[in-house]
Amino acid sequence: MALVHRLRRSVPPLIFGIGFVVLWEGAVKVFDLKPYFLAAPSKILEQFFDNFRLIREASTVSGTNAFIGLIAGTIAGVLMSFLLSKFRILSELMTPLAVALNAIPIFVLVAVLNNMFSITSEIPRRIMVTLVVYFIVLVNVAKGLTQVRSTHIELMRSFAASDMEILRKVRIPNALPYLFTSLKIAAPASVITAFVSEYFGGSQNGLGSRITSNIANSKNASAWAYVLGACLLGLLFFGISILLENGASRGAAKEYNNT
Amino acid sequence: MFILSIALVAALWELYKVIGPQDGGQLLGAKILPRANDRAMPHIWDMLSRYGRREVRGSDRKIWSVVLAGGWFSFRLVLAGFILGAAVGVGLAILMARFKIVERGLLPYLVVSQTVPLIALAPLVVSWGGKLQLAGFEWPRWLSVSILGAFLAFFPVSVGTLKGLTSAPAESIELMNSYASSWRQTLLKLRFPAAVPFMVPAFKLAASGAVIGVVVAEISTGLKGGIGRLVIEYAREATGDPAKVFTAVFGAAALGLAMAGIIALGDIYLMRNRPKETAT
Amino acid sequence: MSAVNVTAASKIFNKGTTKQVDALLDVNLTVEPGEFISLIGPSGCGKSTLLRLIADLLEPTSGTVTVNGKPAAQARLDQDYGMAFQHAGLFDWRNVAKNIELPLELKGWDKEKRKSRAMEMLELVKLPEFAELHPWQLSGGMQQRIAIARALAAHPSILLMDEPFGALDEMTREYMQGELLRICAQTSTTVVFVTHSIPEAVYLSNRVVVMSPRPGRITHLIEINLGIVRGEATRASNEFFHGITAVREALRGTRGDHVDDLDQAAKLVTRNVDDR
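Protein chains in written order, with our numbering: chain R, 74 to 332; chain H, 2 to 281; chain U, 5 to 280.
Bound-form chain R, shown alone (with noise of 0.2 Å):
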């Protein structure tokens, strides 16, 4: 039945993205439409399992820069959320910190991270995206912490419980989906950064490079390409960020039930 529900739920988003799809095509064909204004889905398809290869080298270049940031900017946000619920002083000083850097366009400080090292280094941009994952996972994860129901804690004090048992078996349950939330937005985040990040200089092997490198040479329907390639990209980090997101919820289900 659910099955079947399922599908039925799936018919008009399907039958939206075919037709936009069909209409692109047509569109092209019949207004004539050249290249370098919009290329015909049949012509990016036909260039994007052409260059497969390439695109896929340029994916892993740029997909790595924005895993290990991922990586690093998770560990460092969730590290620090553990001292700011400590000490309260510490988020009073980073949250208004943390508020200002959403609303700017952060990577720019990537101009100025290029200098701080050689021109060939992947490094600027990784720094890059872990601050960014930073910031969201701190935010999130910090909330999680502190923002326990506070039937929970009064419970607790009634055991005698100390601070560290109080973080062990209410904080950090109560804080863990909001790091697979924050992880969901970090994700795509994380490629975002790191593709944006190529354009200002610095190694030439991203997706973010070949795609102002095609459309320099003219290649708009390889550039329609390399973007479908950093959108297959995007799609597969949010789709590991939801199976982590599910894994860790069934599997902190069972542990807690078999204890």
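It is possible that part of the hints are untrue.
Computed beta-carbon distance windows for the label pairs [unchecked claim]: (1) U/19 with H/103: 24 to 32 Å; (2) U/176 with H/171: 21 to 29 Å; (3) R/123 with H/226: 32 to 40 Å.
In case anyone wonders, no lab produced these hints; they're calculated from the structure.
The beta carbon of each residue, even a glycine, is placed where N, CA and C say it ideally should be.
Please arrange chains H and U on chain R, whose structure you already have, making use of the hints.
What follows is chains H and U alone, placed relative to chain R:
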């Protein structure tokens, strides 16, 4: 408190300059420590004083006026993009609220699009500039940049507005039905006001999206006049004039803060009659 | 002409599927103008569904519902009734006066008329000083009074209420019951009132309609003889106690009998009380 944290960051910067390796170094075997010399990491006071000096040798313009002009140029593009994206987003949300089939067909794409680097389209869209002609109207490059900002702003607004429009409690809908109210009247008197608390955070996301879209579009194509171009230009001169790039970076930051400030003002105005959320 | 006439009405949800729910089956009810009747019964007995059939918020699967001699749909378009729910449902973004003006705006009244009517209603519910405040600045009881003011703003002849005092504490509830009776007497409104509370039903009504579930139907109609003027003394009177007992017995089911005939029901009820 904010000033304090900025001061702290500045202090850490200077601290690293004192203790950090002058030519970069290794940590755990990887070359991840940045160079701490004055060419790579200028002193904070150098960065600030750079604003007061001339942009280039022989030019009469001071840096701060150049950065300000660049920021103003980009700001107008961001504003235009934001307004366009928000308007389309709200319109689409109303359409989705009215016709369930549209919601079911489009919403999955809207949600997924927020996870995908749409910014990858930036160079493509901007390349339309100067080459495209539609019925005698030549497509200016700045329009592409604005459109990109609009593009990134549109998605969070449509998702958030839809959420808000459908958030009205069932009893209130029943109440409006008991008044024999039309869909349009229910939209204007109930759904829209009920949607405002959801639209405000969506606008915040949209504002930062618009800034990102515009700045990235400027950078990937070097659009003349904008702050993005200044960042790239000054970065190229960093070996000779290290403090210069920071002037542009701070300018871009100011642009983001200005947009955030406008949205914050809008937040206060729109939510002025609502119950205040009590912080836990 | 009766105010409300429900004839052989049924409401079946998900008809023909495994999830079919017979919310109401073959219900007959007549309400005379100026009457106050309560609908009471356990969960699933269809009392809220019946109210919504009268309000034309739901269509009957079979049977007819007329209000003021017209089909229920027409009565809704003509705004012959006002409605109040368990949660006051005031709009947070409007102040109290503008909340009361809502139905008048929808009917196209001009600004001056709306404002004066809103103030008139505020006087009626004794909250004129609160006109400029916002709902979240008021207590639950006050919000309900505003909701009642809103329901009566267009001077409808009928008031439909779905457990409006359900979320209030006991003291506020008793106060609100008194206020409601005063307001309805002043405006000569017919009231159909859904409630879970036996004392409330008895205190407020001329007749109590007892319903039972699976399928939803009316099982008893109980006349309440507490007189027209009811006050604090009424709550302590013997008649009040008898009324409560009668309704309670009816809700429990009279010795397992399933009663269809209304006259028989009345006799049974009197008999139970006298047997004591």
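Now the hints, each set against the structure:
no., hint, verdict
1, U/19 with H/103: 24 to 32 Å, "holds, 29 Å"
2, U/176 with H/171: 21 to 29 Å, "holds, 25 Å"
3, R/123 with H/226: 32 to 40 Å, "holds, 38 Å"
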